[in-house]
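Visitor: Both chains are sitting in their own frames, so use the hints and assemble them into the complex.
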Amino acid sequence: MSFWLIEAAYLVASALFVLSLHWMNDPKTARNGVLAGVVAMALAILGSFLNPGIVNWGWIAGAVAVGCLIGAPLSWVPLTAVPQRTAVSHAFGGLAAGLVGTAKFYLWQDAPVNLTAFRTFAIVAEVILGFLTFTGSLMAAGKLQELPWIPQRPVTYPLQNLTNLGLLGVAVACGIAIVFQPVGLAYLFPVIVALALAFGVLLIIPIGGADMPTVISLLNSYAGLSAVAMGFVLDNKLLVIAGALDGSSGLILSIIMCRAMNRSFSNVLFGAFGQVQHKAGAVETRTAKKETPEGAAQVLEMASQVVIVPGYGMAVAQAQQRVRELYDELTRRKIEVKFAIHPVAGRMPGHMNVLLAEADIPYDKLIEMDDINPELPQTDVVLVIGANDVVNPAARHDKTSPIFGMPIIDADKARMCLAIKRSMNPGFAGIENELYFAERTYMLFGDAKAVVGDLVKQLQTTS
Amino acid sequence: MLCVPLLAATMASEAPAHDASAASFTSLLFVFLLATFIGLGVVTRVSRLLHTPLMSLTNAISAIAVVGSIAIAGEDHPPLVTLLGAIALAASMTNIVSGFLITDRMLRMFKRPGADKRP
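If you're matching them up, the sequences are chains V and Y in order.
Going by this note's numbering, the first sequence opens with residue 1, and the numbers climb by one from there.
Going by this note's numbering, the second sequence opens with residue 1, and the numbers climb by one from there.
With the rest of the complex left out, here is chain Y (with noise of 0.2 Å):
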């Protein structure tokens, strides 16, 4: 299943890097496509116990926003574009630690069966 996204990746990385041609448009466009249908496969697997855990890692995990933030926020920009990168930055830092940390957290409240017993 894992071949889907490298192949996807080595089909955009065909296009230059640092272009907005049509070209590099498309191919993002399909890696948009085959992400979305991975997305579509893996989370109807996901339990249903875990909706709400699921819910808060994609939180953290959609917070990749962090990437564009950085750029803005660390490039020599006015400082109006620079402070609006750095709220980016901070609200996409947010999500990482609060999503990944509620998501552990809630995660070890699942017991195994059989192993319920409390100390």
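The following block holds chain V by itself, in its conformation from the complex (with noise of 0.2 Å):
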């Protein structure tokens, strides 16, 4: 009986995450989907509980006990650290599989009729791509969340990429090894923990942090993958269908994370992106134009169109509220205000949406940047706030230029382009913006958010 209310209850769960992800295609609908997901991670806990061996309620309800108090503060946490907070959690997606695999290894050596070479090779895979997820993700969180003992700057070394893809090559033949004895050569199983745990940091490290939101939707694929193979391992298709929907989001993500970039995965793994680029001798001794708020004021207010470029600089110095009331008074002008969202702004996908959201800016006036481009010709001003790289129109004709070929947003096909920036430093990524030296450019030079409360203290006195 009880098998078959199991069943009931995964099979109807497993139509809910559907429909959940469905429902997220619409910001309308998109709040039923994390009802229908509570709704089906519920069924699938209690049809769990329902399994007859049971027996260790005490030690759940613990454990239960134990991720509530940790979850719940993890979620209440400031958007701008939402990147650091999603990379952890795969980071504990990633250990639950690994140690869910190792328990049944161990537990199976007792029984090793169990250890079919099917299960045995997904026990190999969930315990890899957990633990490596496990670290990885850590390391990730870390590199967000600038702790001061991982450093920021991509860390590389000679051999580097040979020395990982030997470690991860050694890990799999451990397994293959595994495959074939699993009872005999079970004391090679730490050993494919540790290096899975050592090629987790070792992948991570020579990533930049201009990459991280490739990286951290790449992890996403991995702890969605470590669930499918821990479902291969327990027989159990609701872990399959579960996982196999998370590992296609995070794959979904990491392509278009790339493909705003214009780079490759292996490129994103491999390439170390992010060093400083030191291009000797080509230090061209070029100005731009200053402009002062009272004047940039008066440009947006005989603007009839304003276009705003933010980037993560802006999230960085807290200005989201003193945009929304630059917005306010510009919307209340009649002048049109919209937002240019590039794929990459944030620190990860879809983050400055949020960011902006939460400054209570319309979703109606956030608009990606293939939509928004072909609009800026028309448009009488462009304000870039705390935006760098993806307004760099070196990205379109310096092939010399690491970022050559990454789509960016016209800010330069403007009429005007106003430009809010601390000072003339390269960005993130250390590459030197051409936008700040065209000839409609005009910067205004300070912190985003005294930039920004300026421009709206000038607009109301004159309103």
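Take the hints with a grain of salt, since some may be wrong.
As the list claims (entries may be wrong) - Derived list of chain V stretches under chain Y, where covered just means 3 residues or more per stretch with a C-beta under 8 Å from a C-beta of chain Y:
| id | stretch |
| --- | --- |
| 1 | 77–86 |
| 2 | 95–108 |
| 3 | 243–257 |
| 4 | 389–402 |
Please keep in mind that the hints were generated in silico from the structure rather than gathered at the bench.
Computed from a predicted structure; not experimentally measured.
Don't be surprised by glycine CBs; every beta carbon is placed ideally from N, CA and C.
Guide: In structure tokens form, the structure reads like this:
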């Protein structure tokens, strides 16, 4: 009886998980998606409790309590810290998969008939994926949190890719050996675990901050695949389905991120992007034109369409509320204000949208790069706040630039461009921005929050 | 669209549930394949506005590992195995709780156009 109840619960949960993602296609129905996910997860958990073999209720209650106690505060983090939280979450997912695989492997040592070649293969895949996701995600979270003892800049050394791939190769070789001799070669299992843990760290060390959106998406995919592998180990379809949904979601997001930076997966993982690019001798003494907040406010007031290009620098300066006030001031004057969102604006896919939504910017004003670019030549003023590489025209024509080929927001094609910047130092990726020296660009130097605040004040006094 | 996972699940359930035979393994492969295609289809339609909430939602969904963790932690096993299971269960519960809560928190911020005036 309980078998059928459990299967029915899992079946309904599978359907709800698919619906949950389906409802994310529109902000209007998205919260139903969360509800569907919660119901599905509750069904899955209750279904598991029906398993007659469950006896350690104390352990379960304790672990669930610990999970709730850690989980609730993790959901209250500021939105700028969501990428770190997501990475930590991938780490927990990987850890759970790795531990379950390890436990199953040693449990079945006493009943080797269970360790068929397929199952052992699945365990090895689960453990390698799980543990490399665990340490890799913790490293990514550390880099995003800017922990002082984790290097922000990519760390590279000779033969790095060879060493990393070699380590993974040894782990896979040990895994294949274990598939053939699951009991006789069981002593190789800790070696696989150790190599997977080490590989996760070494995989992330050479990756720079600019690539974090891709890396997070990729780790998302790995966490899903480790759940799939667990499904194969435990012969559980629900695990396979939910894991596959997560895995494919991570895959799509990583592809979108890669395309948005015109890079390939292998280039992200093995390319050590973000190293300081030294171009000796090419130091031109070009000067950028400066503008005052008073002048800029007048320019904005005369415009009929303004496009704001926000970058992560806006969030670092915590200028979102000021930007909202600026949006209010301009729309009150019947000026059309839109936001141009580059896919890699922020530190994870879609990050900028969430940051602006928090500041109460209506979501129909948040326009994707491909939709806003055709409008920019007719736009009176583009205001760049804390964005840098995503508006650098060098990506279009300068073949020597590391960002050559990256799709950008055509801020330089607008009738006028105002760029807020702290100083003329190059940005995150260490690349000089041609936009700042363009004929129609005027710079507003200072902290983004202070400058936008000044603009708002100017507009308020003239109204 | 929903009929596909249902079909897949029905196909898979023809294999004995406790058997680790090649037949059950291949039926799981079919489930995996179909679920991946459904995932790719559904996720490509997700609004680009919502990619951050999407990732935190899939975080919570992939914490379905909770099912395996409950089995390891709850069944009568040696204490060390139970401990591993309990850690895995705590990690999965963390993802479930924080994943769903933060997704909902972010989605509540997306105000419908027109209804954007603050009180």
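Visitor: Confirm or reject each hint.
Guide: Hint-by-hint comparison with the structure:
no., hint, in the structure
1, 77–86, "holds (count 5)"
2, 95–108, "holds (count 10)"
3, 243–257, "holds (count 12)"
4, 389–402, "violated (count 0)"
Comparing the model with each numbered hint stated earlier shows that hint 4 is the single one that does not hold.
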